[in-house]
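Asker: Those protein sequences? They're chains A and B, same order as listed.
According to our numbering, the first sequence is numbered sequentially starting from 25.
According to our numbering, the second sequence is numbered sequentially starting from 208.
Rather than coming from a laboratory, the hints here were simulated on the basis of the structure.
The structure presented is a predicted model; accordingly, all values stated were derived computationally and were not measured.
Among these hints, one or two may not hold up.
Pulled a few chain A residues facing chain B out of the computed Cβ check, cut under 10 Å [said to hold, decoys possible]:
#	residue
1	Ser30
2	Arg33
3	Trp40
4	Ala49
5	Phe57
6	Val61
7	Phe63
8	Gln71
9	Ile73
10	Leu78
11	Trp91
12	Ala103
13	Val104
14	Val109
Derived SDA-like pairs (lysine to any residue); straight-line CA-CA distance at most 20 Å [as the list claims (entries may be wrong)]:
#	chain 1	residue 1	chain 2	residue 2
15	B	Lys520	B	Asn610
16	B	Lys244	B	Val380
17	B	Lys443	A	Arg31
18	B	Lys443	A	Gly56
19	B	Lys443	A	Val104
20	B	Lys443	A	Leu82
21	B	Lys520	B	Lys244
22	B	Lys607	B	Gly360
23	B	Lys607	B	Leu670
24	B	Lys443	A	Gly64
Backbone N, C-alpha and C define an ideal beta-carbon position, used for all residues, glycine too.
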Amino acid sequence: MPGPDSRLRDLDRARWRMALTLTGATVLLYFGFIALVAFGRSLLAIQLIPGLSLGILLGALVIVASWILTWIYVRWANAVYDPQVRALESDR
Amino acid sequence: MTQAAADTAIGQPNAVAMAFFFVFISITLGITFWAAKRTRTTEQFYAAGRTISAGQNGFALAGDYMSAASFLGIAGLVSTTGFDGLIYSTGWLVGWPVVLFLIAEPLRNLGRYTFADVVAMRMRQTPVRIAAALGTLATVTLYLIAQMVGAGGLIRLMFGFSYEHAIILVGIVMIGYVLFGGMIATTWVQIVKAVLLMSGALLLALLVLLRFHLSPAALFAAAAERYGAGVLAPGKLVSNPLDAVSLGMALMFGTAGLPHILMRFYTVPDARAARTSVFIATGLIGLFYLLTFILGFGAMVLIGPDAIRAVDKGGNMAAPLLAELLGGTPFLGFIAAVAFATILAVVAGLTLSGAAALSHDLWVSVVRKGHADAGEQLRVARIATLALGIVAVGLGITFKGQNVAFMVSLAFAIAASANFPALLLAIFWRRYTTAGAVTSMATGTIATLALIYLSPTIQVDILGQGTAWFPLKNPALVTIPLSFLAGILVSLLAPEPAAAAEFTRLERQTHLGSPAE
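Whenever a hint applies, use it, and build me the whole structure from the sequences.
Answerer: Okay, here's the thing in structure tokens:
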């Protein structure tokens, strides 16, 4: 059974890995959208159905996807991270 | 202001707006009276006694963040430029996931009242507290100027008061909330405002969509039919991609450095509640920005960009005009009162966080070296609130008629370049030092202010020069990396073993929270 110190270090690493991965995903998502806005004007002007251009759809999806990313984190933290924190707490 | 479009009640005293406004003021002052009886300690004054639930804090975060600029400004921008305005809708939201992933929980577990608590934790207090307080006050002051000037203009436009009266009224009511009710009253004002703003925006969007068979696509198609398919695609706004990236970086990382937002994480009982509250806030704010798509295009089709610009050059009256068209003078009155409530709530949150920097960071930690008793701490917090409130009114009157729209994005740039790097490095980098933190925050603040002065925003738009020395309108693309680099280099050049040794204890507290609370 590993001691509390090494378990704390593992927990710390796991949280930062999750936090940085999801931050990276948010950065890619938003700056990918901005890159399309800057360099893909004609692409974003395509209307999928009359009125709904790809640009508007992707803009709305960036908002929805950001929220889904926060949901993924909250799910992970409640299901995986919190029980490990409680386990560490009981050793102190 | 003379009315170019004569068939609007905007700019005339509106009985319904007054009535809604008085109801809002009565309710919030009632809340303040109730809160005042529960505000006896510094923990209650700054952090509402840590009794705010995750759901309440989610609404309060949304209330603190959604300023009149986002409600009126983005709807106006979309109604006059189409798709280009939507770039802002997405930009204002993407900071929230970053707040959740990197900052919210460690901040709640490590600090007490201000974000400087976390940066200064394992370092020499005096220099770090001073630098962090300057970053906070710079952010808060710029944000306050933008809000107060906007408030004066809007209220004059909507209620027909004079600019100065409007500013003084906002100042007095806001000081009343914060001075007597502290964080408890401020939180509930935010919650009431968030509910009002969300319901107003939802109702307005629904009324728009009823004219288009409840189909957003039909609304967008009508806009394209009348003003060309170009309104559904990127236009002139993003002529320089680097400008867009730089502004995007300020918005994305600035949210995680806004003192009045960060302070809200201390009002909940634990890190888990802080986490849940960001999830709820992100959902509310995201929904609100999705609604700006409908409101903006609705105003474009039903009122028309020219008619909107005729009432207010900046387009800020698009949403109120839309409300008047679809719901008559009573609905206009409601939306006007919501806009006023929105401004009041945001300035209250800003003032409280600025007062915390003055009293908790500067007076208690620097001047009194942590040896102030509870009574003195609360007294100084209230004096700081009053002083900052008066300064806010003074700034609002001083900057009358100035173009201050850029100040919000400047506040975000400073928050992103001065506060965010220091906070992040303090949380997760063992070898961060006092000198590194101070250099990083000072570099972030000074470089941002200097580059914005040399940028087209000041040189071309305000001073009327032909060119600017620095090409970007927002400096975050340069200043965020610069601040990180300065902090890391100085820390590596002069290690501080005491600060590194403390990190191990800090690491435990980052996850488990403070044992004493």
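Asker: For each hint, tell me whether it holds in the structure or not.
Answerer: Going down the list of hints, with the structure as the test:
| no. | hint | result |
| --- | --- | --- |
| 1 | Ser30 | violated, 12 Å |
| 2 | Arg33 | holds, 8 Å |
| 3 | Trp40 | holds, 6 Å |
| 4 | Ala49 | holds, 8 Å |
| 5 | Phe57 | holds, 6 Å |
| 6 | Val61 | holds, 5 Å |
| 7 | Phe63 | holds, 7 Å |
| 8 | Gln71 | holds, 7 Å |
| 9 | Ile73 | holds, 6 Å |
| 10 | Leu78 | holds, 8 Å |
| 11 | Trp91 | holds, 5 Å |
| 12 | Ala103 | violated, 12 Å |
| 13 | Val104 | violated, 13 Å |
| 14 | Val109 | holds, 5 Å |
| 15 | Lys520/B with Asn610/B | holds, 12 Å |
| 16 | Lys244/B with Val380/B | holds, 18 Å |
| 17 | Lys443/B with Arg31/A | violated, 54 Å |
| 18 | Lys443/B with Gly56/A | holds, 19 Å |
| 19 | Lys443/B with Val104/A | violated, 47 Å |
| 20 | Lys443/B with Leu82/A | holds, 19 Å |
| 21 | Lys520/B with Lys244/B | violated, 45 Å |
| 22 | Lys607/B with Gly360/B | holds, 9 Å |
| 23 | Lys607/B with Leu670/B | holds, 17 Å |
| 24 | Lys443/B with Gly64/A | holds, 13 Å |
When held up to the earlier numbered hints, the structure conflicts with 1, 12, 13, 17, 19, 21 and fits the remainder.
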